[in-house]
Structure formats: C-alpha cells, structure tokens
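Given only the sequences and the hints, what does the whole structure look like? Please build it.
Top line first, the protein sequences correspond to chains A and B.
The opening position of the first sequence corresponds to residue 1 in the UniProt record's numbering, with each subsequent residue numbered one higher.
The opening position of the second sequence corresponds to residue 1 in the UniProt record's numbering, with each subsequent residue numbered one higher.
Check before you lean on any hint, since a few could be wrong.
One copy or two, it doesn't matter: identical chains are merged, so the pair holds either way.
Calculated pairs, SDA-like style, for lysine to any residue (alpha carbon to alpha carbon, straight line, at most 25 Å) [claimed, not checked]:
(1) K269 to D236
(2) K113 to G296
(3) K110 to A81
(4) K317 to S247
(5) K72 to V3
(6) K269 to A256
(7) K113 to E253
(8) K72 to G191
(9) K269 to H137
(10) K204 to M59
(11) K297 to G191
(12) K204 to R57
(13) K72 to V265
(14) K6 to A81
(15) K269 to P255
(16) K269 to T60
(17) K288 to D202
(18) K269 to R143
(19) K288 to E26
Rather than coming from a laboratory, the hints here were simulated on the basis of the structure.
Protein chains: 2
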Amino acid sequence: MTVSGKIILRREITASPVAADFELAEEVLADPAAGELLVRVIYLSLDPYVGSALRGRHMTPQPLPGDLIPGKGIGQIVASADPDFAVGDYVTGEMGWRDHVLVPAGDMRKVDKEMAPLSAQIGVAGMPGLTAWASMHHLADVRPGDQVLVSSAAGPVGGTVGQIARILGATRVVGIAGSEEKCALVTNSYGFDACINYRDADWKEQLASAMPEGISVYHDNVGGELLDTALQNLSDYGRVVLCGLASQYQADERPAGPNPAIFIVKRAKVMGLVVYDFLEEQPNVTRKIGQWIADGKLAYVEDRVEGLDQAPVLFEKLMAGQNIGKAIVAVGPETI
Amino acid sequence: MTVSGKIILRREITASPVAADFELAEEVLADPAAGELLVRVIYLSLDPYVGSALRGRHMTPQPLPGDLIPGKGIGQIVASADPDFAVGDYVTGEMGWRDHVLVPAGDMRKVDKEMAPLSAQIGVAGMPGLTAWASMHHLADVRPGDQVLVSSAAGPVGGTVGQIARILGATRVVGIAGSEEKCALVTNSYGFDACINYRDADWKEQLASAMPEGISVYHDNVGGELLDTALQNLSDYGRVVLCGLASQYQADERPAGPNPAIFIVKRAKVMGLVVYDFLEEQPNVTRKIGQWIADGKLAYVEDRVEGLDQAPVLFEKLMAGQNIGKAIVAVGPETI
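Structure representation (structure tokens):
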C-alpha cells in the first residue's frame, strides 16, 4: 500500500488556467495485482495540449473538477507484478500529475536510460522530438535548398523542428517567437539563422526580409495571423505542416482560417500532423535524438521545477507563454 | 487583310456578368508577318475563370472596358508565315472571343483532329480534362478503395474528375451539383454512384448517408460551405484537392476558410491545383481521354451555341450556374 500525492482539478476552467485552478490531494494505491506495476514518478512533462483538454478541446478526454490532471511521465518501477518488467526498470507513459502510479504494465514502455538524458526522454528526445521528426522528415521531407520557417520556435517542438531541419540539410531556418528573450534562445542556443519576435509592430516586414527567397516549408504551431502571414510568403509548391493552434488554445470559438485561394495560388501542400500516428517510431527517434544531443548537434533547454506541488505554478507560466524551454516537473530523484 | 469580329467588354464588371456587359466589335487583321499565323476560330471555350479575371481576381490579367475577352479556342490556319505550320493545320491556344486571330506561331499548339472530337479538345479532352487528370492521378493519386467526392460534378472538370476517379479504380464516386437536372446528368451520363443537390435543405445529411465510409478524396471546385461540409466528413488521412472557388467568383471579398483544426484532426493532406503547371502533359492527356471517349468509358455533354455573337448569352448562363455541360461557342465550321 502506497500513499501518493496527486494534483487534481479544483474547478471548471473557463479562462487561461492558473495555479489556483488546481490542488494537491492524496490517494492510496494498492500493491500491484497481476499484470500491474507500481511506478515512482521521476519527471512529469507539462504540455500545452493539456490546456486544450481542460477545456474539452483536445482529442483526449476532458478532466472535470476532482479529476487527476493528465500528463506524460517517466519513472522507475518500485514493485512489479508483470514478468516483463523488473523493479528498477525505467518506464514512460501516461502517468498523470502524481508521484506514484499503479498502472497496467501494457500502458508503460520501457526506456533505456543510456539512450538520452532521462528528462529529455519526455522532452526533446520524447514526444516533442518525435513530432519534430515526423514533421520535417515524414511530412515536409526537408532537403537541401529548403527555406524553413517555424513558429513557437522557442518551444520544445519548434526548437527541435528547426534543428532537425538543419540536420536534414535545410538551407535557411528561421523561427518566430513571442519575446526577445525567446528569440535569443532560438538563435543562440538552437542555432536558427534568424528569429522574428511577433510582438514587434513590423514583424511581417521583418519576416519577409528574413526569408527573401520565400518559405518552402512552414511548420505551424500557432494558426491565426502567423499562419496567414506565412502563407502570404510561401513559395510556390510550399509545404505547410499544421501541428498546433496556440493562437486558439484559449479562444472561446474556433476562428475561421485562411481563404483557400491562397492554397491554390501557391500550389501549397498542407498536411495535418498528429504525433500519435508515429508512436511506433518513438524508440528509434529517441535514440537518434539522444545521439545528436551527445554529438552536440541538437541543443535543448528545460524550464524545470522541483516537486509535484510546483506543477500548477509552472503550468500557469506555460499557459501564459512565459516559460522558456521544455516545462518539466522533477518529482523525484533519478536514482534511489 | 482580314476583318474579324470580336467581343469586347462594354463596361466595368461589378456584379455577375450579363450579356449586356459585352459588345460585338470589329478589327482589321494584317496579313501574317514572319513567324505569325492567321487562324480562323472554330470553337471557343467559355470558362468560369474568365468571370474572375473580369473582376481582377484571377492570376491572368484583368480585361478593362474596350478590351477583348480572353478565351481558349481551337481553329484552323488560313495563312501561315511560319515554316512549322501549314495552312489547314488545326491549332489551339489563347484566341480570345473573336472569329479570326493573328498570333505568333509560338503561342499556338498543333492539335491532331483524330485524337478526340475537335470541340472536346477544348473541353473534356482539353484543359478541363487535364485538370481532372492532374487532380485524380498526380495530386490525389486515386486507388481502388477510395471514396471520392466531387463538387461542381456536372461541370466539365467535375464530371471528368469523377469519371477518371472511376477509371483509376475508385470504389465509390459521389458528386455534388446545384439542381436535380444537373444531378441526373451526373449519375445517368457520367455514371457517378450518387449525386447530392446542395440546394436541398437536408443535403448535408444526404451527403453523410451517401458516403457512409467517409470521404477519402475530395475534389473541391467550390470552397465555402461545401468545403467545410466535406472536411467534416473526411476520413482520417483524407486528401483534398483545391481546384476552384465557385462560391467566391462573384463575392466582393474573399471570405475566411475552414479553421485549420479540422486539417489537423483529420490528418488531411490539402493540395492546391493550378492546371497551368501540367500543360506539358496536355497532348498525352488529350490522347488518353480521346481513347476513353472512343471506348465509351468517358462521357461528356456540351452546352453549345452557334455564332460568336452568342458568346455573351452563353457566358451569362455559365456565370449564373444555369448551363449544363461544357460551354462551347461554335464560331465556324470544322472544315471549309
């Protein structure tokens, strides 16, 4: 029997989620029954899609007041009732915001601690990295000569998208982000050729100047005006990967999108990306990205808090677009 | 020296073009100088894009009052000053609404009268057929198993799109058109499995019932509500070819399009099609379609008027969506 802390939703979410929308609670976990595992959580990933899910606008279920907040984690098995998993194994999967979790073994996937830094395995080497790989390799098929634009370029997906584009041979990689500080990260740490702060009054002119040959590939995490503007600057036959809609995460309605005429005139190829379609590839992509990290070809930055109780504070910051780097909650030590 | 009739724009177009917006005029054509041809026009194609061009909303130049109306034609050389073209050769190209045309030989392409019926060579075996082929073969890559939806299905592009989809092995082909009469053409003559009249109050329910397995390929000639509705019924990984925006041809503004969320959720692949990109393939596609016509695999219907002076009347009908079949003006006899 284990007592685990967990973060639950305190009240219905009607605006951008804040820390006070959540509260710490406890639950008692039984010992694992056959086929179950008891896992101590080491790292929790905080992700923007949870903000959508909390308002019933994501393909995952909507948490109601009193419910556990969903979240991907990485942890270590402390008790196993499944022959394929041993105490001490590291695993990842949906854990929710808690410090221990009793789960069916089939819901967990073993991770190799040596493949990439453990926290990166739920960050740039995890699903954000898989998203970036799927976008640049499978959908956009980036090649030398490509002029790649990435929105939310300071985020764990966007930052990795641009770096993978560069690794795949893109000729020019430009980011869009929401502050000077984020842009500094994008160019200095992630090595983009340029970064446009979309809060600047003349950002559209800056963008056109930064990509004088046009945009051959646009990875969109935002929608709205950023998508419109990128489309205006798209080269003929440009590829557009639609991967997120940050501009809508807190909107009450889904606003209309660009007039289809722009897709026709530009002969655009527009592709919707859902990372869940690529989960089979996760181990290979984690290995690939781990190697790039080890070789110094791919950089990542974390915005990390210590302790499960700090998750709501970091989540509020993430939802307000104020965090820099991948939002990670360090719930427990890597080894005990 | 030849006196040619021509149709010019009488006044600025501010609403749906009507016959009275045009007038018949004359021009005197010199004898061909070196490298020029004098061509008598046999058939003129009337096309919806001209309606857009007249209002400055097409990628081709906007005709101003007094200007010749643009249009693709097919004709026969009556005088040649180019060694590659002989009197009696049949040629096609941009001719404008007139009965004779003096053109640089390089602007004309010879056509083989035996490849397909001559009028079909500026109809289903011409650019509309090339558009349909590019859409179904090159962009959507239709295969057995595909569930194909086509808007403007009674038109020369849409009707051919559905028939080529069937030839390529599509499992189900459904059309959308704007009247019972058009729908009868689509199912009876073009052999679609079903046709939805979008003027029916319950057309959206009819569409969902007609495609119970979802839409794997949508060829869109219309935009607006038809595009929105097709996207709602799209299968995951559906392909959408954007080829026209009939819903906007007469609009004062370009309305917004579907929210990008639908493209993401459906993992859609959306492609813009401009037929000019495929012009090199025209002779091969004309031959292919001519053979399908000869073999009874591909049907076409013409809405034909006799005489250049009738072009404005037929064009008004086309712009009002009241014509059935490819709009063709028979300007002169096929042989003299």
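Structure-based check of all given hints:
Proximity of K269 and D236 under a CA criterion of 25 Å is satisfied in both settings, with 10 Å inside one chain copy and 16 Å between copies. Only within a single protomer do K113 and G296 lie at most 25 Å apart by alpha-carbon distance; the minimum there is 18 Å, versus 65 Å between protomers. In this assembly of identical chains, the alpha carbons of K110 and A81 lie at most 25 Å apart only when taken from the same copy (15 Å versus 78 Å across copies). Taking identical chains as interchangeable, the C-alpha atoms of K317 and S247 lie at most 25 Å apart only when both belong to the same chain, with a minimum of 16 Å there against 43 Å between chains.
Taking the closest pair of Cα atoms, K72 and V3 come within 25 Å of each other only inside a single copy of the chain (20 Å); across copies the shortest separation is 79 Å, beyond that limit. Both within a single protomer and between protomers do K269 and A256 lie at most 25 Å apart by alpha-carbon distance, with minima of 19 Å and 18 Å respectively. In this assembly of identical chains, K113 and E253 lie within 25 Å of each other by CA distance neither inside one copy nor across copies; the values are 42 Å within and 57 Å between. Taking the closest pair of Cα atoms, K72 and G191 never come within 25 Å of each other, the shortest separation being 28 Å inside a single copy and 51 Å across copies.
Within a single copy, K269 and H137 get their C-alpha atoms as close as 15 Å, and across copies as close as 16 Å, so both meet the 25 Å cut-off. When the C-alpha separation of K204 and M59 is checked against a cutoff of 25 Å, the pair qualifies only between copies, where the shortest distance is 24 Å, while the shortest distance within a copy is 32 Å. In this homomeric assembly, K297 and G191 come within 25 Å of each other (Cα to Cα) only inside a single copy, at 10 Å, whereas the closest approach across copies is 57 Å. Taking CA atoms no more than 25 Å apart as the test, K204 paired with R57 passes between copies only; the shortest distance there is 24 Å, against 30 Å inside one copy.
Taking the shortest alpha-carbon separations for K72 and V265, only the inter-copy value of 20 Å comes in at or below 25 Å, while the best intra-copy value is 41 Å. Taking the closest pair of Cα atoms, K6 and A81 come within 25 Å of each other only inside a single copy of the chain (23 Å); across copies the shortest separation is 88 Å, beyond that limit. In this assembly of identical chains, K269 and P255 lie within 25 Å of each other by CA distance both inside one copy and across copies; the values are 22 Å within and 21 Å between. For the identical chains of this complex, K269 and T60 are inter-copy neighbours only, at 22 Å across copies versus 27 Å inside a copy, given an alpha-carbon limit of 25 Å.
Neither within a single protomer nor between protomers do K288 and D202 lie at most 25 Å apart by alpha-carbon distance, with minima of 38 Å and 52 Å respectively. Both within a single protomer and between protomers do K269 and R143 lie at most 25 Å apart by alpha-carbon distance, with minima of 16 Å and 20 Å respectively. When the C-alpha separation of K288 and E26 is checked against a cutoff of 25 Å, the pair qualifies neither within a copy, at 38 Å, nor between copies, at 71 Å.
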